[in-house]
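**Student:** Here is what each chain is made of, one letter per residue.
2 protein chains.
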Amino acid sequence: MSSTKTRFLLDEENAPRSYYNLLADLKTPPPPPLHPGTMKPIGPDDLAPLFPKALIQQEVSTERDIEIPEAVREVYRLYRPSPLVRARALEKALGTPAKLYFKYEGVSPTGSHKPNTAIAQAYFNALEGTKRLTTETGAGQWGSSLAFAGQHFGLEVEVFMVRVSYDQKPYRRALMETFGATCIPSPSPRTSFGRQVLERDPQSPGSLGIAISEAVEAVGQKPGSRYALGSVLNHVLLHQTVVGLETMKQLELAGDAPDILVGCTGGGSNFGGFVFPFLGQQLRGGRAVRIVAVEPAACPSLTKGRYAYDFGDTGRMTPLVKMHTLGADFLPAPFHAGGLRYHGMSPLVSHVKELGLIEARAYDQLPCFAAAVQFARTEGIVPAPEASHAVKGAIDLALECKARGEAKTIVFNLCGHGHFDMQAYTDYFAGKLQESTLDPKALESSLGALPTVR
Amino acid sequence: MSSTKTRFLLDEENAPRSYYNLLADLKTPPPPPLHPGTMKPIGPDDLAPLFPKALIQQEVSTERDIEIPEAVREVYRLYRPSPLVRARALEKALGTPAKLYFKYEGVSPTGSHKPNTAIAQAYFNALEGTKRLTTETGAGQWGSSLAFAGQHFGLEVEVFMVRVSYDQKPYRRALMETFGATCIPSPSPRTSFGRQVLERDPQSPGSLGIAISEAVEAVGQKPGSRYALGSVLNHVLLHQTVVGLETMKQLELAGDAPDILVGCTGGGSNFGGFVFPFLGQQLRGGRAVRIVAVEPAACPSLTKGRYAYDFGDTGRMTPLVKMHTLGADFLPAPFHAGGLRYHGMSPLVSHVKELGLIEARAYDQLPCFAAAVQFARTEGIVPAPEASHAVKGAIDLALECKARGEAKTIVFNLCGHGHFDMQAYTDYFAGKLQESTLDPKALESSLGALPTVR
Chain A
11 MSSTKTRFLL DEENAPRSYY NLLADLKTPP PPPLHPGTMK PIGPDDLAPL
61 FPKALIQQEV STERDIEIPE AVREVYRLYR PSPLVRARAL EKALGTPAKL
111 YFKYEGVSPT GSHKPNTAIA QAYFNALEGT KRLTTETGAG QWGSSLAFAG
161 QHFGLEVEVF MVRVSYDQKP YRRALMETFG ATCIPSPSPR TSFGRQVLER
211 DPQSPGSLGI AISEAVEAVG QKPGSRYALG SVLNHVLLHQ TVVGLETMKQ
261 LELAGDAPDI LVGCTGGGSN FGGFVFPFLG QQLRGGRAVR IVAVEPAACP
311 SLTKGRYAYD FGDTGRMTPL VKMHTLGADF LPAPFHAGGL RYHGMSPLVS
361 HVKELGLIEA RAYDQLPCFA AAVQFARTEG IVPAPEASHA VKGAIDLALE
411 CKARGEAKTI VFNLCGHGHF DMQAYTDYFA GKLQESTLDP KALESSLGAL
461 PTVR
Chain B
11 MSSTKTRFLL DEENAPRSYY NLLADLKTPP PPPLHPGTMK PIGPDDLAPL
61 FPKALIQQEV STERDIEIPE AVREVYRLYR PSPLVRARAL EKALGTPAKL
111 YFKYEGVSPT GSHKPNTAIA QAYFNALEGT KRLTTETGAG QWGSSLAFAG
161 QHFGLEVEVF MVRVSYDQKP YRRALMETFG ATCIPSPSPR TSFGRQVLER
211 DPQSPGSLGI AISEAVEAVG QKPGSRYALG SVLNHVLLHQ TVVGLETMKQ
261 LELAGDAPDI LVGCTGGGSN FGGFVFPFLG QQLRGGRAVR IVAVEPAACP
311 SLTKGRYAYD FGDTGRMTPL VKMHTLGADF LPAPFHAGGL RYHGMSPLVS
361 HVKELGLIEA RAYDQLPCFA AAVQFARTEG IVPAPEASHA VKGAIDLALE
411 CKARGEAKTI VFNLCGHGHF DMQAYTDYFA GKLQESTLDP KALESSLGAL
461 PTVR
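Chains as they are written, first to last, in my numbering: chain A, 11 to 464; chain B, 11 to 464.
There may be inaccurate statements among the hints.
As the list makes no split between identical chains, a pair holds if one copy fits it or if it spans any two.
[Claimed, not checked] Here are the simulated SDA-like cross-link-like pairs (lysine to any residue), alpha carbons at most 25 Å apart as the crow flies:
1) 15 with 25
2) 15 with 263
3) 259 with 23
4) 15 with 259
5) 314 with 455
6) 451 with 22
7) 259 with 17
8) 102 with 332
9) 15 with 28
10) 102 with 141
11) 442 with 384
12) 102 with 187
13) 102 with 138
14) 418 with 87
15) 15 with 454
16) 442 with 192
17) 442 with 195
18) 15 with 163
19) 259 with 24
20) 102 with 22
21) 15 with 76
22) 15 with 87
23) 451 with 376
24) 15 with 210
25) 418 with 24
26) 442 with 178
27) 314 with 12
28) 15 with 433
I should point out that these hints are in silico values taken from the structure, not numbers from a laboratory.
Fair warning: this is a prediction, and the values are worked out from it, not measured in the lab.
So here's chain A without its partners, still in its complex pose (with noise of 0.2 Å):
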């Protein structure tokens, strides 16, 4: 039976000591990443100059659970576990018969759930002599995250931040600096690439794609410097899965059991992280849970993207992995959710969504301002734009249960507050935000780029 409360929170003695591994429940894993000379699967020797050993290890490890290390768990306990929250005042408010739940991860250091990896990266690098690491942003925050991250295991960390962002979000570049870290519009004058794409454009408004292969390129301008990023890849969203894991509890707490799964995808981490614990069980024959991905109509790599092999970066540095894409020159029009912006998706993501295990849809950013702001003023949670499709994806659901009559059990992941996105919202009243559409030429001709793969 369901509790009557509202807010189920989690001591931090019951919290996961372990990431739960999706790729040991998957009877089909992925396909491998490429490397970008020889078309040949990498090997952990090819991403050693970037990552860590631990972190490789990670990425093709097959084993379920993998221990978070005593020393990120301490860091964990400044803000985790994060609150679950029955949304009763949202419920009322749209007179739906469902019982909807967020999973709020905006209490963390930088209001999201990027620290969850970062602090792992960050300790990890640490522990194998890493003296700086570089990363992109794009609306943030993940630089913010990683500075965090790094000023708590003693790194240097240097930030390319997507250009539209840097200009629109001043506040958290602020927070980067509050946190020790050096932030750098990308594209910047800092690395060949990114002189490169000044000098087709010099008002390049960048891309994720862009600020990648500039962090990467700058991995080798200094001895001891290592490369991190925020998403896309296996051992990140591994990370994140203490998220799903935390709210597995949760709901135990509240007497109840998910019906559907809301999460939205940029790169596809906190929709990872929050979905694959409760996949899992269901891949093991537990409980079968729908699961929804919402993602942005003006980047939609999951419903309008091909699934292919490309590179993670628009540079073409990184190894060539496949996944839902839009092709790594696609640049999407700027839009307020500069952390859905990514051209490609997880390929972990990319490979459940091909074994029909998830649905995806994609909203325009209007209706999800709209619901965001039905949110803040009903749970008193101003959402970031990111997470906001989130929020529209659960409102629909919620309402699509509501003409139905049916009392499903919704859970969504709030990854983020707007706190530092409030611009956003200005420019929201102000009626100055636009459907950001998709052009049709644009993607034609960023898919005809893909790279070819026998």
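Starting from the known structure of chain A, arrange chain B on it as the hints suggest.
**Tutor:** Same frame as chain A, but now just chain B:
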């Protein structure tokens, strides 16, 4: 014995069901407010145009426990109980034998303690038929909180925001809009008092005193309007005692008891709400606690003000209250802790200061920002500029413990986060912030203008 845990979470079932009223435990009551015309103590009728009866009763009640209505507790459950955190990382960085705990009020919808009273005030107003609330706000924390609370109980909310904060904190305005309120920079041409001020000084940065005058005047501009105050008054501090009451229970969970309590003071509400339950316990013969109020050196009512009858506002419309005041005409130099720019101090906080039950110290803003950055890098929370004063006070006391080798338990109230104040951090890192020292001549002049009361 102290718990080994980091965060002490109170279940909503153990949340306080009553507010704690310090007036019940004070042997000598504070001097009564006086009517500005007659100079006689005011009665409930004098306040009736501004406040609903229930709040006027709370203002003068001497009952110890005042029930929190279920409708108010329901909205509290969106974010309360708030966490109590053992600042282990900060302790380690300071190398202090002291134990440092902080109560974290930044988890509220607006990121500070202000909703604790906003929700109660909106509820009691709605109950007595109020349709519209007018108020003032300094940094915007109170205005956004009343906006949120008004939304929940169907009230229109109009906020006069101190001009200097209005300009410095656009994100706070966006937050008020998100919660459906109207925000007007003060001094404004909307009121006759605002027009007077603008005539004398068109560039006036404004002050809380001016904004209060405008908000009080605006009540008369539309039927069904009442006024709400975010600090200073007894009933406001009463509502804030949920902070201290929760902290007491959480310290029990932590297996600890406080030696020193620290809070920052502007109008006195977060400080009073945090310390009064402990002070009451002491007055009833329980554990004695050292209580330290921290205020900005640029607006030092407790350390440099006079304990005298004064107006709450610059327009001299409010009742006269006996308090530590810098004079209702005092305009502090612009500094970043907008919530601490009030010329006076809660009469109840002033009273316990006069009784020698609390002590006070003042800090300049630069060392407060330095303390805030140290706190952010260790504990992962960026404090509001107001809260940074409490952080600085707690750190100094912890270092004093270190110097004396004393393992005291220090508990401070981190009354809010700085997510909407990141411009202040940007300015701090850019070296643009200065010590805002007190102008002795301005103080002399404003103290000279204090009203004469026999």
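**Student:** Going back to the hint list, which numbers does this structure go against?
**Tutor:** 6, 8, 15, 24, 25, 27 and 28
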